[in-house]
Amino acid sequence: MLAPAFDDPALASQAVFRTVMEALARPGLPRPLVSKLSVPPPLSKTAAAVALTLLDYETPFWLDHELAAAGEVAAWFTFHTGAPQATDSARATFGFVSDPAAMPPFDAFSPGSLEYPDRSTTLVVQVASFEHGNALALSGPGIAGTRRFSVQPLPPDFRARLVANRETFPRGVDLILVTQDAVAALPRSVRVGS
Amino acid sequence: MSEPQMPDPAAPAPDTGPRRAAMAVLAQAHTPEIQQGLAAVADPLRYVELRPVATGLVMVRGRIGGDGAPFNLGEASVTRAAVRMDSGEVGFSYLLGRDHDKARLAAVCDALWQSERCRDAIERHVLAPIRGRLARERTEKREQAAATRVDFFTLVRGED
Numbered sequence: 351m352l353a354p355a356f357d358d359p360a361l362a363s364q365a366v367f368r369t370v371m372e373a374l375a376r377p378g379l380p381r382p383l384v385s386k387l388s389v390p391p392p393l394s395k396t397a398a399a400v401a402l403t404l405l406d407y408e409t410p411f412w413l414d415h416e417l418a419a420a421g422e423v424a425a426w427f428t429f430h431t432g433a434p435q436a437t438d439s440a441r442a443t444f445g446f447v448s449d450p451a452a453m454p455p456f457d458a459f460s461p462g463s464l465e466y467p468d469r470s471t472t473l474v475v476q477v478a479s480f481e482h483g484n485a486l487a488l489s490g491p492g493i494a495g496t497r498r499f500s501v502q503p504l505p506p507d508f509r510a511r512l513v514a515n516r517e518t519f520p521r522g523v524d525l526i527l528v529t530q531d532a533v534a535a536l537p538r539s540v541r542v543g544s
Numbered sequence: 231m232s233e234p235q236m237p238d239p240a241a242p243a244p245d246t247g248p249r250r251a252a253m254a255v256l257a258q259a260h261t262p263e264i265q266q267g268l269a270a271v272a273d274p275l276r277y278v279e280l281r282p283v284a285t286g287l288v289m290v291r292g293r294i295g296g297d298g299a300p301f302n303l304g305e306a307s308v309t310r311a312a313v314r315m316d317s318g319e320v321g322f323s324y325l326l327g328r329d330h331d332k333a334r335l336a337a338v339c340d341a342l343w344q345s346e347r348c349r350d351a352i353e354r355h356v357l358a359p360i361r362g363r364l365a366r367e368r369t370e371k372r373e374q375a376a377a378t379r380v381d382f383f384t385l386v387r388g389e390d
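If you read the sequences in order, they're chains P and E. Counting in my numbering, the first sequence runs from 351 upward without gaps. Counting in my numbering, the second sequence runs from 231 upward without gaps.
A few chain P positions that, by computed beta-carbon distances, are all more than 12 Å from chain E: (1) 495; (2) 498; (3) 503.
What follows is a list of derived Cβ distance ranges for each label pair: (4) P:361 / E:249: 32 to 40 Å; (5) E:298 / P:352: 35 to 43 Å; (6) E:370 / P:365: 52 to 60 Å.
Read the hints as simulated data drawn from the structure, not as lab findings. Backbone N, C-alpha and C define an ideal beta-carbon position, used for all residues, glycine too.
The whole structure should be built from the sequences, with the hints applied where relevant.
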């Protein structure tokens, strides 16, 4: 059955937008994100809040296998945001991943073009925690020096994927990572050390 | 499936005629009428609001004559509601004006109307009385107009 969205759409989506913007401005720094939404599984509450805030009728969304298998997620997105579902990941403006270990390679998504690098896919990835897992040494815009950032779970070659994503700059995908209560971002501008 | 799943506006709508007719009646209803009717159908009503009821503006377009060029006549307040009954039906309403209660109740009627179980009750307790009032008002107006009707006629004017 279709579930309601934000109680107060204007204020709630502004608050989430602010949080996501700050997360993108400081890559690898988790920000607390409280969401009281009741959403169809396996979608997480925080990913749902990000979706309600960022999706609209001009932004096709793509769902990974598990999210797409639960038809309610697509119905919920479409009802509350008006966004169409894209079955081809390369045509999606936003991609939602509930099983990060099995996420498709970044080149399955749109990196934008040199003329319009903003026409890329932004991936919203549901992860378990920002405290465990192998630490990545991040540097680049928004980071003074380097910042250590751990995410779990991730595919084993995640570091190599981020390096390759940076090489095509200004093209590339941006990542928004969400746990149950926080959001962190890895925009395409981030550099990964060893 | 490779295309984004957009609803096709040109696709022939499923048979929405009767549902549309029901909503057209509700659009002309007074809030207490819907309230009383619904109380007879189901009490208490159990539903959640899928979207908070909201008032906005829609642009009304007009044309002068059947072949005139369309122009923007002005904006009208419209209130919309979307509710889901606990039994699963989803109902919508878009009504002229700013009456949130009326929009909510009309959406509830729309949801109940879709369930086979409640449709007859909605038709009988909610829609029928409103239809009756509308018909009465129409007849009254017609009679008032008819009472003041003047028939002109010309006597035959002959030269011979």
